[in-house]
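Starting from the structure of chain A, add chain B where the hints point.
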Amino acid sequence: MTAVVEIRDLRKTYRRWRKPPHQALAGFDMEVAPGQVHGFLGPNGSGKTTTLRTLLGLIRANGGSMRILGQPVPQALPQVIGQVGAIVEAPQFFGNFSARETLILLATAGGVERRRVDEVLELVGLRERATDKVRTYSLGMKQRLAVASALLKQPKLLILDEPANGLDPAGIREMRDLLRNLVAGGMTVVLSSHILAEVQQICDAVTIIAQGRRVAAGAVTEVLAAHTRKEVRVRLEAVEDQPTAAQLLTNAGATVTVESDHMVVHGIDQPAQITRTLAAHDLYVAELTPVSVDLESVFLELTGTVPVPGQPLQVGVAQPVTAGASGEGAAA
Amino acid sequence: MNLFRAEFRRLSKRAVTRWTLLVVLGVLAVAVAGTWFTNHKPGPDVLALAEQRAYAEYEEQKRWWEENLDYEIAACERSQQTGDGFWPDDFDCASLADQGPRPEDFSAEWYLPPTFEFRYEFSAMITVFVALLALYAFVVGASFVGAEWRTGGMMNLLLWQPRRLRVLLAKLVVLLLSLLGIGLVLGAAWTGVMWLVATFRGITETTTAEVWGSFGLNWLRGLVLVLVTGLIGFTAASIGRHTALAMGVATGAVVIGVPGALIGAQIAGADYPEAWVWPTYVIAWMDKSVTLRNWNACNYGVGGCEPAEWVVTWQTSGIAMGVLAVVLVAAAMWRMARRDIAG
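Respectively, the protein sequence lines represent chains A and B. In terms of this note's numbering, the first sequence is residues 46 to 377. In terms of this note's numbering, the second sequence is residues 150 to 492.
Honestly, the hints are just simulated from the structure, not real lab data. Heads up, the beta-carbon is just placed ideally off N, CA and C, and yes, glycines get one too. Certain hints may be false.
Stated by the list, open to error - For lysine to any residue, the following SDA-like pairs were computed, each having C-alpha atoms within a straight-line distance of at most 25 Å:
1. A:K178 / B:E258
2. A:K178 / B:F153
3. B:K162 / A:T181
4. A:K64 / B:I490
5. A:K178 / B:A393
6. B:K162 / A:L184
As the list claims (entries may be wrong) - Looking from chain B toward chain A, a few residues come up when the C-beta cut is under 8 Å (computed):
7. Q210
8. R212
9. A296
10. M304
11. P311
12. L314
13. I490
To be verified - Here are some chain B residues the structure puts well away from chain A; computed CB gaps all over 12 Å:
14. V181
15. L281
16. R350
Isolated chain A (complex conformation) (with noise of 0.2 Å):
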């Protein structure tokens, strides 16, 4: 099955005034398969932003190719952006005009019929504030506006940078349920956002950016198995026999990590083993949890942005990122 959005070797590097170029993306890869909510994911200034600016012709890329449903951009984009709707960023729009003179003036724009403008503003929930000022809105209301104007196209592939932004609960989960009734509808969608829980729970496939360049892809589960390190959470029923334990497992070949009251053990093919080895020194478990792994985890340790107390991250600086120690074997 074709690809709806193929990126490879993507190279953007931005010139600046008496300062040394920025190296925005290094060969960067992405590939989106129809009909799957798609997360794209990177901490700040890891090139999120500039590949779908330059996946929509906003920016020109200094290498490398892209195409969209199969049609190579940006030399087909003008044939093929009227199946693409998109957010880049935050929702930038004039606050003078209403919601619906904004929509309006975007359908005349792009030949849409007039009708589609109310059947959006309904579908984002912004049908009773549709002639305010967008000057009077929320970010959220905002934000929701983003969406309907994205949606207006009747698009096959829809592309959200941070829709959730702005939104509250209620808004984040009516967004779920809406990207999940569109993906059923055959949409494609690419949503990009820093809401881990979030694009667990609905991406099926993610990519994972830093510093240019992809590393990680894949089905979310896949990604998540290719990071699980199989550790198990060990609490004994008497903490002070913790230190006998802890021998005792990294005799049998373990790799033992002592907490305040509790052991993090990890090489161990069956947990059976912990208890078997322990219960034969007359040691009993009390608590025996295999330790798993999020989205957020897999993502700090792959971007390198893994908090480090007393030490503020600087944007666009992080760990040495190894693409080899990463969920591309789970990719495409």
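Just chain B now, kept in the frame of chain A:
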């Protein structure tokens, strides 16, 4: 076509377009009111009064002349006798008696209250109108594209119409056509209102077909000036991606550019310093020509200083404006095609 329709709609809905137009209309209304209240129709009674005053003035002058004639003749003869050269020797001093005031030298027109004679006054009114509309064109032109860049509207539009040059050209064409439409409608209204003022508070009878032809050409040049001003505002704001940049350029051109260029040209010893400032070309465009004089290059052969002259014609100004317009549009298009739209 859809893009043009959308841009027409966008321009007409903008607060700047509407409110600034209201301000322009307000200023024009004040000008009309001022013209109306400071001019008066010369009716028969006013004419009779003016003739009376003219005749009274003639009488007064004639009496003074007669009282002083003998003294003047004596002074003339004395001058000829002493040979002081004040009067030529061959002048017949007695003929001074024939050179007194004549009734025809005292025109009743001089004693009429101000009256709006369409033939002579309307040209200045066209200039006032064009100046105001040009200011409007600059502000609306700059804001139309500057606000789009600043608010992200341009980026939104490009997500619908990725042909950048077509988008910018559509905006520019819509702006110019709108300004032309506004100029034609308001210009016709302005002519009509001023004709009414002249009808009720002045004179229209002297306006011949030839005068109308001249006014027509004035209007034409004025409209071109309005369009070029709008284009300058639009392209400056587009290149700088902000309305304020265009406004800054305009302020700089007026406050620093004109005196700076004049002083610079004078220091450099230019023959015609005024040739280096843009208002010269605007005036030449509207008035058909401006004569610049170089008082440092006198020709004394014909008696007194006859300065060297250089005439700036409306054709010269037209070429200058055309070149400026082409350069600015090309620069704006080049920037539009090449720039990264990154926020």
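List, from low to high, the hint numbers that the structure doesn't satisfy. 1, 7, 8 and 12
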